[in-house]
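Listed below are the residues making up each chain.
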Amino acid sequence: MSAERRTAAELAAALAAGETTSVEITQAHLDRIAEVDGAVHAFLHVDAEGALRDAAASDRRRADDSPLGVLDGVPIAVKDVLATRGLPTTCGSRILEGWVPPYDATVVARLRAAGLPILGKTNMDEFAMGSSTEHSAFGPTHNPWDLTRIPGGSGGGSAAAVAAYETPLAVGTDTGGSIRQPGAVTGTVGVKPTYGGVSRYGLVALANSLDQAGPVTRTVLDAALLHEVVGGHDPLDSTSIEQALPSLVDAARQGADGDLAGVRIGVVKELGGEGYQAGVLARFEESVELMTKAGAEVVEVSCPSFVHALATYYLILPAEASSNLARFDAMRYGLRVTPQPADGSAPSAEDVMRVTREAGFGDEVKRRIILGTYALSSGYYDAYYGQAQKVRTLVVRDFGAAFERADVLVSPTAPTTAFRIGEKVDDPLAMYLNDLATIPANLSGVPGISVPSGLADEDGLPVGVQILAPALADDRVYRVGAALESLLAQQWGGRLLDQAPELTGAGA
Amino acid sequence: MACMPETPEHSISREEVAHLADLARIDLSDAELDHLAPQLSVILESIASIQEAAGADVPPTSHALPLTNVYRDDVVRPGLTAEEALSGAPEVERQRFKVPRILGDEQ
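Protein chains in written order, with the working numbering: chain H, 1 to 508; chain W, 1 to 107.
Same shape as in the complex, but just chain W (with noise of 0.2 Å):
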């Protein structure tokens, strides 16, 4: 990532974490990024080992199980009402989801 500064192997900065913060939409006071920071870096430490276990002819595993693409007739089932999906909506109007402005200023 080219704004993440070089760092020391398997640590992590306070930086790094308040971008990642950034990069996951979740704040972070100063106070958690002081604590988190090391926490990952000691987490990133124990981790590491991984790093010379396979070799590079390992094929990588992305499911416990095989898989091959799953698919069903193209027919019309019931689903959820509007009323429905909206239930949990923090704001509604006209059986829309009401969201905040999505365009910043510098848009």
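Okay, chain H solo, but in the shape it has when bound (with noise of 0.2 Å):
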């Protein structure tokens, strides 16, 4: 099998064996992605150069037997919302167009420190806003599975980028879905940690109090190894969690033998239904179907205040949104655009950051501050804002009876598969009903994944089902996930992603 197809545990067991070099593996992705990255636009910068460098010392050290861990010498991308020192860092915007940090976010550290390549950095919607990657400043990315559809959002570039065999490994970050909807609509493995599992240090942020980096990849093993990189308790972010994380990778190697005798598995209620395509709701309920022959105890959880939580986070995320992009002023990094007053006299830093501002930040960005603002603004800060912080104590009650009852919480990830590129671009209340699944497991800080479920009858497209976990029980989803993951194996006689076409030649 050629490297590109392999997976990451694939990769790392062959480079421990001696069969292959980093090289070798790494110059294939980055052939890979000068074929097909043309019609994908996964990447929004390639770096040859440095990670065929890092493969090389990976090599050197393989080869004085003194790897630095199990995925040492495996390539990898990168959202391009982590700082990357040395490499371009737009987090999808012009606003920061050019921008090379001098530091590395600890994600990204804890990758090159662990001896992972990295191949380039992955398109997204600006600032993570959005659930299709359209709103990337840089032009939108493409489903590998039908080049006119999104790769969901705000991730889409890391989801897209594995699904098309460009990267065996991504990391994305999760602030309402946007590593688990492109894992649903891309036929991919998506997982968002527990809040404070893996350190924000680095993270641009959108939404301080939602946001979480996690993996991107096509196997449920792949992610549990690649969390284990990543995770863990950092100094630098003082949010981050206090204590070893469990063993994932455990978990996801008990969870491949498909028992999953003694799980009690709880069906969100308000999770389905009304707003859910018919394939969407077909697929999840033939997952649901094998895990209970696979001996888990299914039972119906219902969560009623979910039904706000869309609400509460077009609330609480604008908030924090119009707060974090303030520090984007044209004073110390960034786009600076200097208006020319007609009388000739000197703009003001306020005249230089209000034209900087316009010109630098897109529509949706601007849409979601000026919420932001006005939801903090004083005679509605109560009324939105403050009542919007009471929701989220109901969302966070309600999974804490959910998880009395189950052990895990499932659901479909995203209520329907990808649409096409434009169909919603303009509509944003249409773009939001996408993270309607996704939204509660952040405003709650649990983690989840999404887990290919197959194919909707009715399009041919990915579905995925989301299965959720209380906090720090992070191994919990690995386990049903891989479960779940083996299970669907066996009746399809392979990966989902086998069912995808090809895209051979696509970019040339």
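There could be a bad hint or two in this list.
With beta-carbon atoms standing in for the labels, derived distance ranges [to be verified]:
(1) Ala-430(H) x Arg-94(W): 49 to 59 Å
(2) Tyr-381(H) x Ala-31(W): 47 to 57 Å
(3) Thr-81(W) x Leu-281(H): 52 to 62 Å
(4) Val-70(W) x Ala-326(H): 32 to 42 Å
(5) Ala-48(W) x Glu-297(H): 37 to 47 Å
(6) Gly-55(W) x Ala-48(H): 50 to 60 Å
(7) Gln-490(H) x Ala-56(W): 44 to 54 Å
(8) Val-307(H) x Ala-31(W): 33 to 43 Å
(9) Glu-15(W) x Glu-49(H): 49 to 59 Å
(10) Pro-341(H) x Ala-18(W): 11 to 21 Å
(11) Ala-31(W) x Ala-346(H): 47 to 57 Å
(12) Leu-281(H) x Ala-85(W): 47 to 57 Å
(13) Leu-67(W) x Met-1(H): 40 to 50 Å
(14) Pro-339(H) x Glu-15(W): 19 to 29 Å
By construction, these hints were calculated from the structure, which means they are not laboratory data.
Don't be surprised by glycine CBs; every beta carbon is placed ideally from N, CA and C.
Got two chains here, separate frames each, mind docking them using the hints?
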């Protein structure tokens, strides 16, 4: 099998056995990027030179029998919202075009310390605001299953890169579903860890209380391997959890036997039914049935406040985002546009700021900054932001009650399959509905995974199942996720992604 | 906000959007104002439901997990050099960020 078709676990095993080199693997992926990324546009920046240099260094370590870890030499792509020393970091925005950070995000530093060559930076909705990657200032990413459709968002670049075999691994970030929803619509795996489980240092903040970086991969085991590399306590992030991660790789390996005896699975009543595409629900029900046959005890749970989660999120997120994005002030880094007042006077810092932010931010960013400024303004604060924080408490309580009855909760990851590029780009409300099922986890901080669950009958496009666990019990999403993945693979005789159309030569 | 006129519930006027853009330090064109005001009204309408969703007795949650203050020992550790810190600056002079005048005419 060619290098780019193999999973990260398989590549790691081949490297350990001396059957291949990191340079060979990295070059194969760079070739694949050159071949298909013209059509997919998953990458904003490719660092061939740096990746090959790091791959050569990895090969020398392997030759000395001193690899830095299991994944030493396995290449990876990083969402462009994480600071990478010496590599451009734009967040999909004109306001940061050409910015090269002088430091690494902790996630990136850990990737380097574990010897993973970084292939490049992946495309995203501007400042991670969106569910389709169409809000990138540098053009949309295309879904490898159908190039006329969206790859989800905001991390559509990471998901599409993995789905198109341009990289075995990628890092994403999930504020309201930006890892899981792209996973669902591209037939790949995405994990949002427990809030605080992966450091946010060097992650350009969208909404601090919701943002969480995590793995974007083709298999559950690969996600666990990557999660163990990037996760764990970081003193540079004061919200980082000060305790060891549970053993995630072990959980994924345990789950792979497909046995779910004794596992209590809760189907969330409020995350399904109206507003969900028929093919999405059909694949979800099949997955639940498979898990039942594998020994799981399935119960229905009700989380009544989840119907308010979307509204709550669209108050809390813009409020935090409008504050965070105040740092883009044209003074210390990023774009500066200097207006020329008609009277010939020198423009003030404030004039420069206004014009720069007008020119540097896209429509969705402006919408959310204005909305957040409104929600935080006196007279409206209690009615909107204050109220949203209270409803957030209700969402947390609903999870607490549900997890008393079930070990994990399940739902469809996204209400629909991938829609066509352009279809919802100027209809914010329609766009926001994509995150209906993923948002509650961010509001309460619990971990979640999206696992491919088949193709919708009506359009033949991928569908995902979401598995949620209590905070700090990330191992459960890996165990149950790996079990479902195995059960479905037995049924399909392979992975869902094997059914994706060939992209060969598409970028030529 | 004193300068915000009373508007029908859950809708937002063009003037309010202009005022908010001013607070957020973003120039918006007339076309953008025309486009944004109705869009924001639709969004506000759709999120208004939360006003009845939680009673006064429900405490607010600001963070997903309970947080306490986090301290570290006050020791010197390596940071960015001045050159690194200034590496992305639009304008630099004598190892400092150079910014436009910060006072307006009325100040």
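Quick rundown of the hints versus the structure:
A hinted range of 49 to 59 Å holds for the C-beta pair Ala-430(H) and Arg-94(W), which are about 52 Å apart. Range check, Tyr-381(H) to Ala-31(W): Cβ separation about 30 Å, and the 47 to 57 Å hint is violated. Restraint check, Thr-81(W) to Leu-281(H): a C-beta distance of roughly 56 Å satisfies the suggested window 52 to 62 Å. Take Val-70(W) and Ala-326(H): their Cβ atoms lie about 24 Å apart, and the range 32 to 42 Å is violated.
As the Cβ distance of Ala-48(W) to Glu-297(H) is approximately 39 Å, the hint placing it in 37 to 47 Å holds. At roughly 58 Å, the beta-carbon separation of Gly-55(W) and Ala-48(H) lies within the given 50 to 60 Å, and the hint holds. In this structure, Gln-490(H) and Ala-56(W) meet the distance hint of 44 to 54 Å, their C-beta atoms being roughly 53 Å apart. Remark: the range hint 33 to 43 Å for Val-307(H) to Ala-31(W) is upheld by a beta-carbon distance near 36 Å.
About 53 Å separates the C-beta atoms of Glu-15(W) and Glu-49(H), a value consistent with the hinted range of 49 to 59 Å. The beta-carbon spacing between Pro-341(H) and Ala-18(W), approximately 20 Å, falls within the hinted interval of 11 to 21 Å. For the hinted restraint 47 to 57 Å between Ala-31(W) and Ala-346(H), the CB-CB distance of approximately 28 Å leaves it violated. Leu-281(H) and Ala-85(W) have their C-beta atoms about 53 Å apart, which keeps the hinted 47 to 57 Å range intact.
Checked against the hint of 40 to 50 Å, the pair Leu-67(W) and Met-1(H) passes, with Cβ atoms roughly 47 Å apart. With their beta carbons about 23 Å apart, Pro-339(H) and Glu-15(W) fall inside the hinted range of 19 to 29 Å.
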